[in-house]
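Given the sequences, and given the hints that come with them, work out the whole structure.
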Amino acid sequence: MTLEQFKDKIFSLAKANGVEAQIGYSQNKNFQVRYQNGEMDQYTDAGKFKITIQILKDGKIGMSYTERLDEPEKVFEDALSNISIIDSEDVEYFYDGKGEYLNIEPYDGSFERLSVKERISYAERAHEEIRKSADIINDMAVYGQQMNEMRLSNTLGLDVSYVSGGGFMYAMAVAKDLSPRSAVEFAIGRSPDALDPVHVGSKARDESLALVGSKSVKSGKYGVILRNDVFSDILGMLISMISAENAQKNLSPLKGKIGEKIGSDVLNIKDLPYHPLSISSSPFDTQGVPTKEKKIIENGVFKTFLHNLKTAKKDGVEPTGNAMGTGIQTINLYVEPGSKSFNELLETLSDGLVIIEIEGMHSGANPISGNFSLGAKAFRVEGGKITHGVEQITISGNFLEMLKNIEELGSDLRAFMGIINPSVLISSLDIAGNN
Amino acid sequence: MKRGEIVLERFDKPFVEEILATVIKYGGDFADVFVEDRYSTNIDLKNGKVELAQTGRMFGIGIRGFLDDKAIYAYTNDLSRENVLAVAKRVGEALGEVRLRDFSIDLRKKELYNKHFVLLKPEQVSKETKVGYMKKAYEAAKNYSPIIAQVVIRYWDYDQNVLIANSEGVFVTDNRVRTRLMINAVAVKDGQMESGFYGPGAGMGPEYLEKIDVEQAGIRAARIAVRMVDAQPAPAGKMTVVISNEFGGVIFHEAVGHALEASSVARGMSVFAGKLGQQVATECVSAVDDATIPNAWGSANIDDEGAPTQRIKLIENGVLKGYMIDKLGSRRMGMPSTGSGRRQDYTFAPTSRMSNTFILPGDHHPEEIIASVEYGLYAKTMGGGSVNPATGEFNFAVNEGYLIENGKISKPVKGATLIGKGYEIIQKIEMVGNDVSRGQGMCGSYSGSIPADVGQPTIKLREIIVGGRNA
Numbered sequence: 019m020t021l022e023q024f025k026d027k028i029f030s031l032a033k034a035n036g037v038e039a040q041i042g043y044s045q046n047k048n049f050q051v052r053y054q055n056g057e058m059d060q061y062t063d064a065g066k067f068k069i070t071i072q073i074l075k076d077g078k079i080g081m082s083y084t085e086r087l088d089e090p091e092k093v094f095e096d097a098l099s100n101i102s103i104i105d106s107e108d109v110e111y112f113y114d115g116k117g118e119y120l121n122i123e124p125y126d127g128s129f130e131r132l133s134v135k136e137r138i139s140y141a142e143r144a145h146e147e148i149r150k151s152a153d154i155i156n157d158m159a160v161y162g163q164q165m166n167e168m169r170l171s172n173t174l175g176l177d178v179s180y181v182s183g184g185g186f187m188y189a190m191a192v193a194k195d196l197s198p199r200s201a202v203e204f205a206i207g208r209s210p211d212a213l214d215p216v217h218v219g220s221k222a223r224d225e226s227l228a229l230v231g232s233k234s235v236k237s238g239k240y241g242v243i244l245r246n247d248v249f250s251d252i253l254g255m256l257i258s259m260i261s262a263e264n265a266q267k268n269l270s271p272l273k274g275k276i277g278e279k280i281g282s283d284v285l286n287i288k289d290l291p292y293h294p295l296s297i298s299s300s301p302f303d304t305q306g307v308p309t310k311e312k313k314i315i316e317n318g319v320f321k322t323f324l325h326n327l328k329t330a331k332k333d334g335v336e337p338t339g340n341a342m343g344t345g346i347q348t349i350n351l352y353v354e355p356g357s358k359s360f361n362e363l364l365e366t367l368s369d370g371l372v373i374i375e376i377e378g379m380h381s382g383a384n385p386i387s388g389n390f391s392l393g394a395k396a397f398r399v400e401g402g403k404i405t406h407g408v409e410q411i412t413i414s415g416n417f418l419e420m421l422k423n424i425e426e427l428g429s430d431l432r433a434f435m436g437i438i439n440p441s442v443l444i445s446s447l448d449i450a451g452n453n
Numbered sequence: 000m001k002r003g004e005i006v007l008e009r010f011d012k013p014f015v016e017e018i019l020a021t022v023i024k025y026g027g028d029f030a031d032v033f034v035e036d037r038y039s040t041n042i043d044l045k046n047g048k049v050e051l052a053q054t055g056r057m058f059g060i061g062i063r064g065f066l067d068d069k070a071i072y073a074y075t076n077d078l079s080r081e082n083v084l085a086v087a088k089r090v091g092e093a094l095g096e097v098r099l100r101d102f103s104i105d106l107r108k109k110e111l112y113n114k115h116f117v118l119l120k121p122e123q124v125s126k127e128t129k130v131g132y133m134k135k136a137y138e139a140a141k142n143y144s145p146i147i148a149q150v151v152i153r154y155w156d157y158d159q160n161v162l163i164a165n166s167e168g169v170f171v172t173d174n175r176v177r178t179r180l181m182i183n184a185v186a187v188k189d190g191q192m193e194s195g196f197y198g199p200g201a202g203m204g205p206e207y208l209e210k211i212d213v214e215q216a217g218i219r220a221a222r223i224a225v226r227m228v229d230a231q232p233a234p235a236g237k238m239t240v241v242i243s244n245e246f247g248g249v250i251f252h253e254a255v256g257h258a259l260e261a262s263s264v265a266r267g268m269s270v271f272a273g274k275l276g277q278q279v280a281t282e283c284v285s286a287v288d289d290a291t292i293p294n295a296w297g298s299a300n301i302d303d304e305g306a307p308t309q310r311i312k313l314i315e316n317g318v319l320k321g322y323m324i325d326k327l328g329s330r331r332m333g334m335p336s337t338g339s340g341r342r343q344d345y346t347f348a349p350t351s352r353m354s355n356t357f358i359l360p361g362d363h364h365p366e367e368i369i370a371s372v373e374y375g376l377y378a379k380t381m382g383g384g385s386v387n388p389a390t391g392e393f394n395f396a397v398n399e400g401y402l403i404e405n406g407k408i409s410k411p412v413k414g415a416t417l418i419g420k421g422y423e424i425i426q427k428i429e430m431v432g433n434d435v436s437r438g439q440g441m442c443g444s445y446s447g448s449i450p451a452d453v454g455q456p457t458i459k460l461r462e463i464i465v466g467g468r469n470a
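Which chain is which? The protein sequence lines are R and B, in order. Start counting the first sequence at 19; every next residue gets the next number (our numbering). Start counting the second sequence at 0; every next residue gets the next number (our numbering).
In short, the hints are calculated from the structure, not lab data. Check the hints yourself; a few may be wrong.
[As the list claims (entries may be wrong)] Calculated pairs, DSS-like style, for lysine-lysine (alpha carbon to alpha carbon, straight line, at most 30 Å):
{"hint": "1", "chain 1": "B", "residue 1": "K135", "chain 2": "R", "residue 2": "K75"}
{"hint": "2", "chain 1": "R", "residue 1": "K47", "chain 2": "R", "residue 2": "K66"}
{"hint": "3", "chain 1": "R", "residue 1": "K332", "chain 2": "R", "residue 2": "K279"}
{"hint": "4", "chain 1": "R", "residue 1": "K273", "chain 2": "B", "residue 2": "K141"}
{"hint": "5", "chain 1": "B", "residue 1": "K134", "chain 2": "R", "residue 2": "K92"}
{"hint": "6", "chain 1": "B", "residue 1": "K88", "chain 2": "R", "residue 2": "K66"}
{"hint": "7", "chain 1": "B", "residue 1": "K126", "chain 2": "R", "residue 2": "K75"}
{"hint": "8", "chain 1": "B", "residue 1": "K135", "chain 2": "R", "residue 2": "K332"}
{"hint": "9", "chain 1": "B", "residue 1": "K126", "chain 2": "R", "residue 2": "K68"}
{"hint": "10", "chain 1": "B", "residue 1": "K48", "chain 2": "R", "residue 2": "K33"}
{"hint": "11", "chain 1": "B", "residue 1": "K48", "chain 2": "R", "residue 2": "K273"}
{"hint": "12", "chain 1": "R", "residue 1": "K273", "chain 2": "B", "residue 2": "K188"}
{"hint": "13", "chain 1": "R", "residue 1": "K27", "chain 2": "R", "residue 2": "K92"}
{"hint": "14", "chain 1": "B", "residue 1": "K420", "chain 2": "R", "residue 2": "K233"}
{"hint": "15", "chain 1": "R", "residue 1": "K239", "chain 2": "B", "residue 2": "K410"}
{"hint": "16", "chain 1": "B", "residue 1": "K188", "chain 2": "R", "residue 2": "K279"}
{"hint": "17", "chain 1": "R", "residue 1": "K331", "chain 2": "R", "residue 2": "K321"}
{"hint": "18", "chain 1": "R", "residue 1": "K310", "chain 2": "R", "residue 2": "K25"}
{"hint": "19", "chain 1": "B", "residue 1": "K12", "chain 2": "R", "residue 2": "K66"}
{"hint": "20", "chain 1": "R", "residue 1": "K194", "chain 2": "B", "residue 2": "K427"}
{"hint": "21", "chain 1": "B", "residue 1": "K24", "chain 2": "R", "residue 2": "K66"}
{"hint": "22", "chain 1": "B", "residue 1": "K135", "chain 2": "R", "residue 2": "K267"}
{"hint": "23", "chain 1": "B", "residue 1": "K407", "chain 2": "B", "residue 2": "K427"}
Everything numeric in this text was worked out from a predicted model, so none of it was measured.
And the structure:
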């Protein structure tokens, strides 16, 4: 059975049963190679497809998925019978595809044209670069690329498709010291020339070497810079807080705060359907609703929650094109940069810490309360200059309080996993270290 | 046709032999396959109402080849004969060197002695019945206190049939069934919001829901949320910490377990590489990884490479005794596989992973341990954590914490994170309790997210850095 036949079968079953149906089809290609200490450690070259079915009946959706094209009846039955246990009062909808879609350039598949040799050379070159120092005792280099073809159609007339994809690199260097010192660097890009293995390797190497001799600092409150990669990690908390679904379910501390000041004057955050640095762009969300640019925080004022079809209807607003599976997600969370370079931020900070790595976001950060307490690595800044590495500390605080304490934003934009942001300077954060 | 038989019907011995032979014909000296047919159910209950119900099936094959200690992996779910053989050929070609010109593959079907008897297959129990248990847990959590504002309950089960074969003659099938209930309760008081979590699971069918007391499970999550909403921020700095049993074992999992996996040890990346036979922990510490415990969350008859699982002695009286080793790790380290090759599903190459990992019981009563502390933190319920095996630096969250003052548990504290270095922290375990038990979690690493038990008795750490707020 072809996909087209499968779709026709599902749609005709839907018609016969007096329900609406929606089919999502994704075809994924994935290549990844990992080197540990210059030896190939893992190599995967693969692809798969997945079909997701949603059946809509009396405002309720039942779902099922499969990886086989030979049993549309079973998949349909499953989805239909799943509706029977849904007793939520929420009303679900499908989208008819009649809105205006932005013309967003699809992924051109440029990484797919690289030979296997060219692909693995990214990891090999990063490894060679890291090992230019004899003080490196361990290293890891990863190169990967993926391509995802997505199609979404339903019985209301929606039929949209998009191809996304790109490549990424990751390098870790471990420098010799009484306790080994590790540092990581990554890069993503929509085309091969956006990835520079020498830059990725040398950044990881130089940072691990700079951490040699790291020590803890005294517990207390410090002015800090959250470097762009660290701020990006911590911004994951905001995505959960601005979900209308979480707000409606009393799981967001931003509930009822539209129009209120929740961040510092200098803070401006948007959600963008497209950004040239990102590999996460898309003209529609997973319900087929067109994506669009929107302000989330403007001069520190909270402007909007993000909606899917269901939450928008419930709040009596337009959907924002942010459905992501059964949840709600930004497309590209974009924090507007400031004017100061990273070095100028250091001078402004004068005395404090630059946080360069945090650990434990999945366990030590609670997006419901906004409280976080995370393991961290840092550099000590004295007199506007980095003086030494800092190990074995934690940073603690409340995410929303922290947004209010942002004094400056850097000009150093960086993209990762659908978040594009600069470094930020925070006036005060709790640090635990030595007594 | 029964689920398990469909795999064997599509992938009979002659076809599997042909796949393995195709890899080796084009390159490498070893090949294996992993065929998976998995049927899963997910149900979400929010505020007492079912909001999401999803069932689904994944069905695909992973094909792997080795040349010495180089490994190439590919997977597909286009299971047409031509495509599967083309993928096998690509794996062989990527290995780059034809090592075996004359070879024969003689697959011998091995019958397993099943140690993990499942009473009910997930599909034998109606969704309404499963929802019934979820609602019971919800009611109990919601009614625990008027300040419980929200309860989210997730139910997950799956029925996984696998066929594993390799060019050394292994040809084996297995069935793994798992069931889990995850409860998240949120308490709100004076504008403060805190949550509590409890997520019991087992390698059993939905009969597990009857075996545990789902109401008590709901109450447990609610109790944590209610206690913590009144808590003050935890103090910051180095102090003595007592970690309670069960999920407290996440500290050993993160701080030590990951660094004992062959994926870190084989290339010398782990701080524990080359330390077998050395005293790495205090004498009161002994720990094992045991995938043979009947019906435990992280158990299985065989690993995802077809090797029988074992109880592995990791540390005995403080001395490093063993690592968790998969097939590739075995080649790299020149040590036998310990049956530790695991993966999330066929889209991941297997690697060495933990199963049910825990510290063995010691002599002390938990009360005695707390009484020995003048001032410190009692970590009653732990959250998740993570580790960098190359440096041993770990962190994990305390979801329910209390101060210990003058040998007694005093006020609740929240927002504590514990950080340290694994090889240092196991030398600071001063007392080990007699109250060992295990808790369930999902462990994420190179080969994806897999069910794993952590566990320990109550333990006392002489000192560790607590990340809290400064007064």
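Okay, the hints, checked on the actual structure:
1. With a C-alpha separation of about 27 Å, the suggested pairing of K135 (chain B) with K75 (chain R) holds against the 30 Å cut-off.
2. With a C-alpha separation of about 7 Å, the suggested pairing of K47 (chain R) with K66 (chain R) holds against the 30 Å cut-off.
3. Annotation: proposed proximity of K332 (chain R) to K279 (chain R) holds, straight-line Cα distance about 24 Å (limit 30 Å).
4. With a C-alpha separation of about 21 Å, the suggested pairing of K273 (chain R) with K141 (chain B) holds against the 30 Å cut-off.
5. A C-alpha spacing of about 28 Å is found between K134 (chain B) and K92 (chain R), which places the hinted pair at or below 30 Å, so the restraint holds.
6. Of the supplied pair hints, the one linking K88 (chain B) and K66 (chain R) holds, its CA atoms being roughly 17 Å apart against a limit of 30 Å.
7. Distance restraint check for K126 (chain B) and K75 (chain R): the Cα-Cα separation of roughly 18 Å lies within the 30 Å cut-off, and the hinted pair is therefore satisfied.
8. With a C-alpha separation of about 28 Å, the suggested pair K135 (chain B) and K332 (chain R) falls inside the 30 Å cut-off, and the hint holds.
9. For the proposed pair K126 (chain B) and K68 (chain R), the alpha carbon gap of about 24 Å is at most 30 Å, so the pair holds.
10. Distance hint between K48 (chain B) and K33 (chain R) is fulfilled; the C-alpha atoms sit about 28 Å from each other, no more than 30 Å.
11. Straight-line distance between C-alpha atoms of K48 (chain B) and K273 (chain R) comes to about 21 Å, which keeps the hinted pair within the 30 Å bound.
12. Our distance criterion of 30 Å between C-alpha atoms is met by K273 (chain R) and K188 (chain B), whose separation comes to about 15 Å.
13. Restraint check for K27 (chain R) and K92 (chain R): satisfied, since their Cα atoms lie roughly 11 Å apart, inside the 30 Å limit.
14. Note on K420 (chain B) and K233 (chain R): the hinted pairing holds, with a Cα-Cα distance of about 13 Å set against a maximum of 30 Å.
15. Taken as a hint, the K239 (chain R) and K410 (chain B) pair is honoured in the structure, with Cα atoms around 24 Å apart against an allowance of 30 Å.
16. The hinted pair formed by K188 (chain B) and K279 (chain R) meets the criterion: a straight-line CA distance of about 22 Å does not exceed 30 Å.
17. Of the pairs offered as hints, the one joining K331 (chain R) and K321 (chain R) holds, with about 18 Å between alpha carbons and a cut-off of 30 Å not exceeded.
18. Using a Cα cut-off of 30 Å, the hinted pair K310 (chain R) and K25 (chain R) holds, with the two alpha carbons roughly 29 Å apart.
19. Of the pairs offered as hints, the one joining K12 (chain B) and K66 (chain R) holds, with about 24 Å between alpha carbons and a cut-off of 30 Å not exceeded.
20. Straight-line distance between C-alpha atoms of K194 (chain R) and K427 (chain B) comes to about 24 Å, which keeps the hinted pair within the 30 Å bound.
21. For the suggested pair K24 (chain B) and K66 (chain R), the alpha carbons sit about 25 Å apart, so the restraint of at most 30 Å is met.
22. The suggested pairing of K135 (chain B) with K267 (chain R) holds, with an alpha-carbon distance near 20 Å, which does not exceed 30 Å.
23. Distance restraint check for K407 (chain B) and K427 (chain B): the Cα-Cα separation of roughly 21 Å lies within the 30 Å cut-off, and the hinted pair is therefore satisfied.
Checked against the numbered hints given earlier, this structure breaks none of them.
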